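Trainee: Build the full structure now, drawing on both the sequences and the hints.
Take the sequence shown: its position 249, counting from 1, is numbered 248 in numbering that gives the first Met the number 0, and each next residue is one higher.
To be clear, the hints were calculated from the coordinates, so they are not data collected in a lab. Note that the coordinates shown come from a computational prediction; the quantities given were computed from them, not determined experimentally. Even for Gly, the Cβ is constructed at its ideal location relative to N, Cα and C.
Pairs of lysine-lysine, DSSO-like flavour, derived with a Cα cap of 30 angstroms:
1) K25 x K170
2) K132 x K281
3) K159 x K170
Have a look at the derived ranges for each label pair, beta carbon to beta carbon:
4) S194 x P252: 26 to 34 angstroms
5) G83 x P244: 41 to 49 angstroms
6) P167 x G83: 21 to 29 angstroms
7) S128 x G27: 51 to 59 angstroms
8) P278 x K25: 41 to 49 angstroms
9) S29 x A73: 32 to 40 angstroms
10) G70 x E217: 45 to 53 angstroms
11) F111 x K281: 34 to 42 angstroms
12) P167 x P24: 13 to 21 angstroms
13) P252 x A157: 36 to 44 angstroms
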Amino acid sequence: MRNDAHLFVVGSFVAASAAKVETLPKPGESLTAHAFALEPGGKGFNLAVAGRRLGAAVEGILAVGDDMLSGLAAPALERARLPGEMLHRLPGSTGAGIGFIDARGENCLAVFPGANARLGASDVRDKRSAIAKADITLAQFEIGDEPIIAAFEIAREAGKTTLLNPSPFRKPNHRLLALTTILVLNAHEAAAMASDLTGTSSPVFQAHGLAEIQAFAEAVMAVGPEIVVVTLGQGGAVFCRSKHPPLHQPSFPVVAIDTLGAGDAFAAGLAVSLTEGQPSEKAMAFANACGAILAGSWGVFEAFPDRAAVEAFLLSHG
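Mentor: This is how it looks when you write it as C-alpha cells:
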C-alpha cells in the first residue's frame, strides 16, 4: 500500500468563531457561552489541514480578502506545514463564520463567504499543473460551482480522482456531478439531493435503511459519481458503489464535545486512505475514526489528528 497520497484542495478559508452553550439559541434569545474559540477555518482549509496531518502532500487554492481577518491565514498555513502559495488574495472581505455547539455536541452555524465567493475559474486554471499531478482533487460548497468545475475538468482530463462534499448544501448541477468521482455528504444533504432527483418529499436516511440509501446512491451514480458515501452521525456511515452491496461502517462510541469539523476530518481521511489503495472497509473505518476524534475534541484546527493518533484510536476501538 502507498503512503504518499497527494491532494489538491479547491478550498475556502474563513475566520471561524465558535461558542459552546448549554442549548442552541432560540430566536431573540441571548445566552452565556461556556467557551469561545476564534481560529482559522473553512471547509477547504480544514480538508487541507486534515490531509496534511495524516501525512499527505497537499497543494491547493484558498481565497482570502485584504482585510484584518486575512492575517489569520498565512501563520495558520505555516503552522499546518502547508505551502503559502495556496493563498489567493482578492479585494474585499475574508470569509467568516460563527458556530454554536450545545451540551450534546450538536451544532448550528452560519458562514459569510467573503472572498470565497469571488474565487473564479480562471484563478483555478492558473493551478493547472498542480491539479494535474495530484492524485485527488477535493472541493466543497463554500465556493461557487465554476471554480470547482474548472478544477475537476483538469483533474479528470489528467485521469485523476475527484471528491466533492456538497456542504453547505445547494443543488449540485449535473455538469459538476458528471465530473465527480466520489460524493461525500451527510444524511440531511442526501435527503435534500434525493428530493431534488425524485421530485418527492425528502426521505429520512438512517443506518437501518440501507436499501433506501443504496437506491439514492444508484440514482446519483447514474449521473456521474462512481462512489457515494453518506454519513449518518451516530449511525455511522454508508459506502455505496455501483453493483456492490452497501457497506455500513458503524460509528465509534465517543462523547461528542464539538462536532464542527468532523465531516471535514472524515472526508480527508477517506480521500487519503482510498488514494493509498486501502480497501473500502479499511478506508471507511479510518475516515470514521478521523471524524470521531474531532467530535470528541473542543475546537477544530488543533484537533485534527495525525496518522499515529488515528491508528492508536482504531487499535483501542478494535
